[in-house]
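**Student:** Residue numbers (my numbering), protein chains in the order written: chain F, 1 to 308; chain R, 1001 to 1461.
Note that these hints are calculated values from the structure, not bench results.
From a predicted model like this one, the values you see are computed outputs, not experimental measurements.
All clues given are correct.
SDA-like cross-link-like pairs, simulated, lysine to any residue; straight-line CA separation at most 25 Å:
{"no.": "1", "chain 1": "R", "residue 1": "LYS1382", "chain 2": "F", "residue 2": "ASN36"}
{"no.": "2", "chain 1": "R", "residue 1": "LYS1382", "chain 2": "F", "residue 2": "ARG209"}
{"no.": "3", "chain 1": "F", "residue 1": "LYS127", "chain 2": "R", "residue 2": "ASP1068"}
{"no.": "4", "chain 1": "R", "residue 1": "LYS1382", "chain 2": "F", "residue 2": "PRO35"}
{"no.": "5", "chain 1": "F", "residue 1": "LYS138", "chain 2": "R", "residue 2": "ALA1072"}
{"no.": "6", "chain 1": "F", "residue 1": "LYS74", "chain 2": "R", "residue 2": "LEU1006"}
{"no.": "7", "chain 1": "R", "residue 1": "LYS1385", "chain 2": "R", "residue 2": "PHE1283"}
{"no.": "8", "chain 1": "R", "residue 1": "LYS1152", "chain 2": "F", "residue 2": "ASP81"}
{"no.": "9", "chain 1": "R", "residue 1": "LYS1236", "chain 2": "F", "residue 2": "MET59"}
{"no.": "10", "chain 1": "F", "residue 1": "LYS127", "chain 2": "R", "residue 2": "TRP1075"}
{"no.": "11", "chain 1": "F", "residue 1": "LYS74", "chain 2": "R", "residue 2": "ALA1309"}
{"no.": "12", "chain 1": "F", "residue 1": "LYS138", "chain 2": "R", "residue 2": "TRP1010"}
{"no.": "13", "chain 1": "F", "residue 1": "LYS127", "chain 2": "R", "residue 2": "LEU1006"}
{"no.": "14", "chain 1": "F", "residue 1": "LYS127", "chain 2": "R", "residue 2": "SER1014"}
Derived list of chain F stretches under chain R, where covered just means 3 residues or more per stretch with a C-beta under 8 Å from a C-beta of chain R:
{"no.": "15", "stretch": "4-17"}
{"no.": "16", "stretch": "85-95"}
{"no.": "17", "stretch": "101-114"}
One side only, chain R facing chain F, incomplete, derived with CB under 10 Å:
{"no.": "18", "residue": "PRO1003"}
{"no.": "19", "residue": "TRP1010"}
{"no.": "20", "residue": "ALA1084"}
{"no.": "21", "residue": "PRO1085"}
{"no.": "22", "residue": "LEU1231"}
{"no.": "23", "residue": "VAL1233"}
{"no.": "24", "residue": "ILE1290"}
{"no.": "25", "residue": "ARG1293"}
{"no.": "26", "residue": "ALA1309"}
{"no.": "27", "residue": "LYS1382"}
{"no.": "28", "residue": "ALA1450"}
Ideal placement from N, C-alpha and C gives every residue a C-beta, glycine not left out.
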Amino acid sequence: MINVEHLIFDYPGHRALDDVSFAIAPQTITALVGPNGAGKTTLLRCLVALDRPGAGRVMLEEIDVHEAPREAHKRMAFLPDFFGVYDDLTVRQCLGYRARAHDVPRERRRAAVERAAERLGIADRMKDYAGTLSRGLKQRLAIAQAIIHEPRVALLDEPAAGLDPEARYSLAAVFRELRADGMTLIVSSHILAELEDYSTHLLAIRDGRIVDLRALQQPETGEAAVAMQLRLATADPRIGALLGTIAGVSDVAVDTLLVHFSLAGGVQVQHALLKRLIDEGLPVAEFAPVQSSLQDSYLALMRKQAAS
Amino acid sequence: MNPELLRNLWLQFSPQRIIAAPLILGAVFALIASATDSWELVGRVANVGFVVIAYLWGTRRAVNALADEITAGTWDGQRMSSIAPWSMAWGKLIGGTAYVWFCALLCLATYAAAEVGIGRPSELFVSLPMEIVGALLAQAVALSFALMLVGKGRRLSRRSVAAQGTALLIGMFGIAAVWLPSITEHFGFGAAHAITWFGIEFSADGFTLLTQVLFLCWAIAGVYRLMAGDLQVRQKPWVWLSFSLFLIVYYQGFLLPGPGAGLSLRFFLALLVATPLYYLAVFAQSNDIIRYRWLFHHLRRGTLRNALALLPLWVPSFALAAGLAVVVAVLTQGEVRTLTAHEAVPRMLIGETWSGGVATAIALILFMLRDLGIVLLLNFGKRPKAPDLAAVLYLIVLYGVCGGLVAAAGAGALLPLFVPGAGSNAVAVVLAPLVQVALVAFLLRRRWAAQTRALQPHAAA
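Whole structure, please, built from the sequences with the hints as guidance.
**Tutor:** Spelled out as structure tokens, the structure:
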């Protein structure tokens, strides 16, 4: 969907993006993370052709976005960190203007306005002036404006900044819906817990370089060892010894009711092990892979980068 | 309908505002009419009202059409839209000033009615188009000025733009009022009431209108070009080069045909136009080091298309001015007698206290390079603060203060250091700016190296 090749962007005395290359798959939500000053905003602005890099190129499907920015903008949406709405226009006028500005054909314009408002949950505010909306509703209006032309890709820079927890939660639902509708999203944010709710991929940037790009959900058919957690309803001294005899199990650590271990072999092996434990009469209350949080992954990654 | 125009109409034309303007203006004109019973005074006040509204408020609105977007954080949204540069340009120019024009045209209609009322309708045929085109020209220049500042990466605060815009307008009017008549009157090319241009005699009003229309076309072209640049459409220097040639041709029109208008004088006049344009080009664009770094990068790699898009406008302007200086220098060697027919202009090239034409031409080119070096040196700093303003001050000090002090002190031998071509010693005339160019180049090279070191090396690109 998006292919970035050897992107370099300089500010006087400082290289903001240093030979950045990566590819984003369609219908994914990529969390763009990195410390302050890592180059997240510069990267997003280069991706949508608001800033021109010194070298490299960004391909949106077959379009070179810096060679044909207006063509690319027909398929892209961008919500900047510091976004604005026209306070003296009504919500309907704001959306109507953006529909026209994005060349939405006249016969589809009204439907596009209604759909965008419906998607973002502001359909009941169409007659309100944008200046009278709360911060959360303005954010929704700004997103509705950005996606009114049904772009293939949407890039959002800190979209949840300044929102209360309820507004963040509903924003996450909006992003999931947009993805379900076929859109590809790249979302930059410092709030990792929020990104975790809806992101499918992690793109980490540090000092202008990409340090990681990976899918957040592990494929279920994988054979590699995964960290497992087992909780017993009552303490049972047999658990440690039993796990030690089973092929694929390693790194067993028993803490009364809680047991941690690694298990290689995939879900079929997990199923067989659980069946064996139950058959042996062990009082298993919980049995699941340990989900490392996005925050854990990010912090581990940044520590590793700092160490190297 | 142009979405940018439509949005501006939505924003500016509330029912209350539509009613308020005719009510207030109508009340003012009615008061004057009833108090003085003079249609002439009503017409005059309406005319002044038009000038104030269309020129002062209009230029302010034209600038704010962009400044408001940037301040409100909506400009990026507009840049992300599918609106083409041309639609955005005229949508902002006409849309941003739509309500201004509504009010201004009410004044103009009152003025026209008053002129008809006192039996002078014929004057309207000239004055109305002149005032309308003049206001459009001022607004287009104001918007292009705002776009130029945005292109230079400046923060577009309303106050600074208003101050600089006012200075620009005063400068424009100053040039129009002083420069043009001074040429026409001084050289006897035409009297104030009639102007001869390329052998055709125009009335002063007719010629001013023609000039306004021509310059309006260029101002709109400038707005379009700057807008396209900000919308990330690659720009090449052809429009600027065409404008430079247009200006040269425009001023050539004031030279009368005949033996007085020798080739050297024509080229000298062209040089007089090309040199300020070079300085305008130096200051009009961003001179940050990144631009030059990538320009050299693409030149080294032979990716000329990318290099051309990054080429500063001063490059073609420098080539034009330097070429003209050389041509003038060569021609003056053979046209000394012809040139003496116009003592005021060419004396500086051949007079007793001035060096020969070739040395002066070389000195002029070297001074242009030195000045460029100073501008770049200040712009290439680690954290440059108002580098262009600082450069202007340095140049004023070098040319005006130092040159004036040396002249006043009678130290003629030092004059070639500060005034191109001054002095009778051709070697000194060339050497003085050459040393300065070398010094500035040395400093520039050091600063370039320091800034380049700060950037991490990269393998790709």
